[in-house]
Amino acid sequence: MELKARCVVLLAVALCSTLLLTRVAAHQEEEEPIMEMAGDMDADVEDDMEEMSLGEGLDGEPEEEDTPPGPPPVPKVTYKAPEPVGEHFFAESFDRGTLDSWVQSKAKKQDIDEDIAKYDGKWAVEDMKDSKLPGDKGLVLKSRAKHHAISAQLLRPFIFDTKPLIVQYEVNFQQGIDCGGAYVKLLSQTADLNLDEFVDKTPYTIMFGPDKCGEDYKLHFIFRHKNPKTGEYEEKHAKKPDADLRTYYTDKKTHLYTLVVNPDNSFEVLVDQTVVNSGNLLTDMTPPVNPPAEIEDPDDHKPEDWDERPKIQDPDAVKPDDWDEDAPQQIPDEDAVKPDGWLDDEPEYTSDPDAVKPEDWDEDMDGEWEAPQVPNPLCETAPGCGTWQRPMIDNPNYKGKWKAPMIDNPNYQGMWKPRKIPNPAFFEDLHPFRMTPFNAVGLELWSMSSDIFFDNFFITNERHTAERWANDGWGLKKAAEGAAEPGLVKQMMSAADERPWLWAVYVLTVALPAVLLVLFCCSGKVSEAASRSPGSTRWSVLVKTNSVLLVSVAAEKGDLEDSPAEKGDEEEEEEEEEEEEQQRDGEEEDENATKEVRGQ
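Numbering follows UniProt numbering, in which position 401 of the sequence shown is assigned residue number 401; successive positions increment by one, without gaps.
Rather than coming from a laboratory, the hints here were simulated on the basis of the structure.
Be a bit skeptical, because a hint or two may be false.
[To be verified] Okay, derived cross-link-like pairs now, EDC-like style, lysine to aspartate or glutamate, Cα gap no bigger than 20 Å in a straight line:
hint: 1; residue 1: K80; residue 2: E126
hint: 2; residue 1: K201; residue 2: D211
hint: 3; residue 1: K420; residue 2: D300
hint: 4; residue 1: K253; residue 2: D284
hint: 5; residue 1: K338; residue 2: E348
hint: 6; residue 1: K401; residue 2: E348
hint: 7; residue 1: K399; residue 2: E325
hint: 8; residue 1: K142; residue 2: D120
hint: 9; residue 1: K240; residue 2: D300
hint: 10; residue 1: K109; residue 2: D192
hint: 11; residue 1: K122; residue 2: D196
hint: 12; residue 1: K236; residue 2: D284
hint: 13; residue 1: K132; residue 2: D192
Given the structure is predicted, the values throughout are model-derived calculations rather than measurements.
Could you build the full structure based on these sequences and the hints that come with them?
This is the structure we're talking about:
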């Protein structure tokens with residue numbers, strides 16, 4: 001058992017030390033550029049000397065030197081603008097560097113102050129600030145605390161028929177996001193649609209995309225449904241995603257947002273090609289697409305004699321004759337005795353003898369001056385001061401005001417509800433997918449954060465076409481951003497620097513499986529074998545990383561072997577004693593021989 005414990009301690013110490021040295025090595029790597037800058041001058045001198053001594057032959061001609069091949073260069077992701085392949089209705093990568101196909105709104109928002117009503121937020125086409133793909137441009141919202149509106153026409157209107165709608169685009173919150181949206185609107189095809197006058201009230205068919213304010217993280221999917229009876233439109237909101245959306249707004253990475261709406265009324269919302277929300281237009285929207293077939297009659301009223309009381313007081317109950325309603329709830333304790341030493345004539349508080357009337361005290365204005373009250377010092381050593389009163393206790397005869405007991409109401413009729421009548425506004429639309437056609441896409445946003453990056457808008461009715469566009473655009477960004485990320489160890493250390501308690505988690509999660517393995521592998525056979533080995537043995541384990549000696553553990557033979565008493569075998573104990581005697585005899589002979597040699 002002692003061997004098992006030593007194995008466990010040794011392995012745990014080694015793992016902890018390895019993690020610690022890994023962290024130190026990482027900090028050394030961060031300091032290397034500074035050391036290199038400090039040693040540039042010495043390095044230049046040494047290079048010149050090496051060139052003179054090693055790089056020139058007898059005739060001053062430079063000699064060729066064999067240089068070992070270096071490590072292969074790190075592969076770089078080369079950007080190539082995505083090209084739409086297959087049927088599509090809109091494709092925009094912004095790699096032309098212009099907004100020629102986009103229209104910035106010149107309108108003013110209604111029902112707000114004139115000073116902030118104008119859509120005067122700035123837009124630009126540029127690279128990301130920390131771009132890993134030079135040449136990859138996008139649409140950037142440049143202003144903060146301003147209204148922005150920009151839109152573009154589709155190649156042709158999208159008609160909801162027998163093929164799905166797939167909308168996708170990329171967003172990068174380069175400066176993070178405090179309060180603002182990054183959603184798109186698919187503008188309905190109407191006779192009076194004017195992109196120059198694009199405002200918040202411009203009719204849209206679908207609104208989709210991320211939105212955040214404070215700690216409220218949203219991913220909108222809203223569609224406007226047309227009432228077939230009245231012709232009026234009503235917004236239908238998808239349920240909130242179950243997934244945690246926080247990282248998409250805080251990690252400053254480019255994320256791909258995709259909406260898929262199918263002819264069978266099912267829908268999917270994806271982020272980075274992973275489904276985060278799904279459902280059905282008929283069952284998972286609020287308010288529901290179809291109204292109820294029956295409603296409560298607004299003209300129905302509860303009768304005056306309707307009794308909703310499930311319980312009533314028993315009318316036949318009579319107060320008992322011995323019921324005393326006037327008895328107090330508490331009474332003085334008659335068994336209490338005044339403590340010895342109680343100072344009846346001393347007040348609890350007395351005037352402060354050291355107090356002095358202020359010089360500016362005006363008795364005409366302030367009244368007669370009185371010294372402030374302080375605790376009576378005589379009461380500090382006494383059980384109490386002032387008039388002693390008996391403590392109060394609960395009155396055993398207290399019953400309170402008598403009330404008749406409650407019984408079931410024989411006239412109870414239940415909770416009244418108005419009767420149901422057929423809903424005059426009822427309709428049943430079993431195909432809400434057949435939405436209003438749209439022929440433009442727009443961004444109508446207000447944001448308290450600037451430099452929101454949009455890229456690679458794509459609208460199609462073919463899944464494989466959308467996936468091809470995503471892989472050619474967002475896929476390159478993901479590969480480039482992934483190549484620039486630190487390794488796993490540095491990511492773990494970075495997280496632990498922010499949250500130091502993670503170091504304990506790392507040690508436990510790494511060491512625990514190894515400890516269990518050691519406990520399983522180490523058995524009594526090891527101890528038994530060690531106990532039978534002749535001579536005094538010393539076991540040293542050295543763990544060395546980066547030329548640093550971490551731990552040295554030594555164990556004598558007696559520490560490794562199990563005691564004969566624990567084995568409970570008398571015969572083995574006798575055999576071991578004989579072996580020890582033989583061992584001592586051998587050691588004495590060796591010692592005598594050594595002395596003889598030294599004497600010669």
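We went through each hint and held it up to the structure:
1. Taken as a hint, the K80 and E126 pair is honoured in the structure, with Cα atoms around 16 Å apart against an allowance of 20 Å.
2. Among the hinted pairs, K201 with D211 is consistent with the structure: their alpha-carbon atoms are about 18 Å apart, no more than 20 Å.
3. A threshold of 20 Å between alpha carbons decides the hint, and for K420 with D300 the separation of about 9 Å falls inside it, so the pair holds.
4. Our distance criterion of 20 Å between C-alpha atoms is broken by K253 and D284, whose separation comes to about 30 Å.
5. At roughly 16 Å between alpha-carbon atoms, K338 and E348 fall within 20 Å of each other, so this suggested pair holds.
6. This hinted pair does not check out: K401 and E348 have alpha carbons roughly 38 Å apart, beyond 20 Å.
7. At most 20 Å may separate the alpha-carbon atoms for a hinted pair to count; K399 and E325 meet this at roughly 7 Å.
8. Of the supplied pair hints, the one linking K142 and D120 holds, its CA atoms being roughly 11 Å apart against a limit of 20 Å.
9. Among the hinted pairs, K240 with D300 is inconsistent with the structure: their alpha-carbon atoms are about 37 Å apart, more than 20 Å.
10. A threshold of 20 Å between alpha carbons decides the hint, and for K109 with D192 the separation of about 18 Å falls inside it, so the pair holds.
11. Straight-line distance between C-alpha atoms of K122 and D196 comes to about 15 Å, which keeps the hinted pair within the 20 Å bound.
12. The hinted pair formed by K236 and D284 meets the criterion: a straight-line CA distance of about 9 Å does not exceed 20 Å.
13. For a cut-off of 20 Å, the pair hint linking K132 to D192 is broken: about 42 Å separates their Cα positions.
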